[in-house]
Amino acid sequence: MADPTNTKDRLAPAVRAEALESLLAERGLIKSEVLDGFINRFVNDVGPMNGAKAVAKAWTDSDYREHLLADGTGAIKELGFAGPQGEHIVVVENSDDVHNVVVCTLCSCYPWPVLGLPPEWYKDPAYRSRMVREPRTLLSEMGLDLDDSVDVRVWDSSAENRYLVLPQRPDGTDDLSEEELAALVTRDAMVGVAKVSAG
Amino acid sequence: MDGIHDMGGMQGWGTVAIDPDEPVFREPWHGRAFAMGAMSMGLSGTNLDAFRHGLERLHPYDYLADGYYGRWLACAETLLVDSGVLAPGAVEARARSLMGETVDEPADVEENKPTYERGGPGSLREIDDEPAFSPGDRVRARDVRTEGHTRMPGYIRGRAGTVHALRPTALLPDTNAHFRGENPQHVYTVEFESAELWGPDAEAAKLRIDLFESYLEAI
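The listed protein sequences correspond, in order, to chains W and G. If you use this note's numbering, the first sequence corresponds to residues 1 to 199, in order. If you use this note's numbering, the second sequence corresponds to residues 200 to 418, in order.
Chain W with its partners taken away, still in its complex shape:
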């Protein structure tokens, strides 16, 4: 077996990807346009703006909030969001006393239908290794300082359940519409490494 650490002989991943695509295309197994469509969907249509709609609705509609917490998959599907990595979505709520944060130590499982594809920091070995062991220190390094009295709950998504954090609604947002609220909700807050600020 060739030594994989021998960087002299190592091919750049860009050319490996091009090679794989050309081999599969000439066998009729994939079409370039299908790949383009797949990529475009995750660039344009599936992303944290979906999860933000569910969060803003939960903040403004108490019945929806209850539904979202009791049946995340169903309440999210009501808004039109479903698909791969969203078979069973569990929504966990942050409060003054409880802070939830999500990680996948074994790969990088993430609730695609509501958050899109995971950002680099979520896939970083430092995040995957440390969030389960020293969550307070890591959250602080990422800009979120939690009081010692706050109960920290770390969710390691090791099976097919996917977790979405329902962040706290920031003060001073009573006059905002659901749409304006959704614009405040960030991906990082829905993973649990940040809070939502009033802007």
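Be aware that one or more of the hints could be misleading.
EDC-like mimics (lysine to aspartate or glutamate), calculated; alpha carbons at most 20 Å apart, straight line [unchecked claim]:
no. : chain 1 : residue 1 : chain 2 : residue 2
1   : G       : K405      : W       : D171
2   : G       : K405      : G       : E395
3   : W       : K53       : W       : D171
4   : G       : K405      : W       : D147
No lab work stands behind these hints, which were simulated from the structure alone.
Starting from the structure of chain W, add chain G where the hints point.
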């Protein structure tokens, strides 16, 4: 298997920086690798658990060197070669041709896709057995080691926790990844105190993790 992928609790990786302007795909090949990785499961006749095991089987250097999409690409290649859709060395030879080198591409090999029964799409399944555990029960993660795929991380093994919730029944990745049956099981979210996992000086926190019934024993 105890591999580079099982990162929970490892030390020495440094800190985490958030780039607020990160695009979905930083490089064009990231998108191509993502799409082909996702399609490689169907093209190789395998499944999501086999894909995750394919990631785990990469050499640790290959796992890390080109990041998340680098391992997706390498895993797609692994599954397609395992299934005989592509010959060993075909991607490297084609890549060198694309770079202008003169190389002989290997001849196609016979397809060798796995044959196994699927219980339906996705991973959720119905079973008749009653769950062995209920919320509030004290349980211990079994101290089992395997050469193959498992979704029980090493840092949980042998540790005691409390069942927090029963989740939907799902097929067992440990056998499905190896095409040895779906063996659907009850799945539980189990809560562990940080001190149980990391010792008495651990930061105060609760760790909640989803574990299949066969990973657990009653205390």
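Against the structure, the hints:
Between G:K405 and W:D171 the CA atoms are separated by roughly 27 Å; this puts the pair beyond 20 Å, and the hint is violated. Proximity of G:K405 to G:E395 is assessed by CA-CA distance (about 10 Å); at most 20 Å being required, the pair is judged to hold. At most 20 Å may separate the alpha-carbon atoms for a hinted pair to count; W:K53 and W:D171 meet this at roughly 19 Å. For the hint linking G:K405 to W:D147, the alpha-carbon distance of about 15 Å falls within 20 Å, and the restraint holds.
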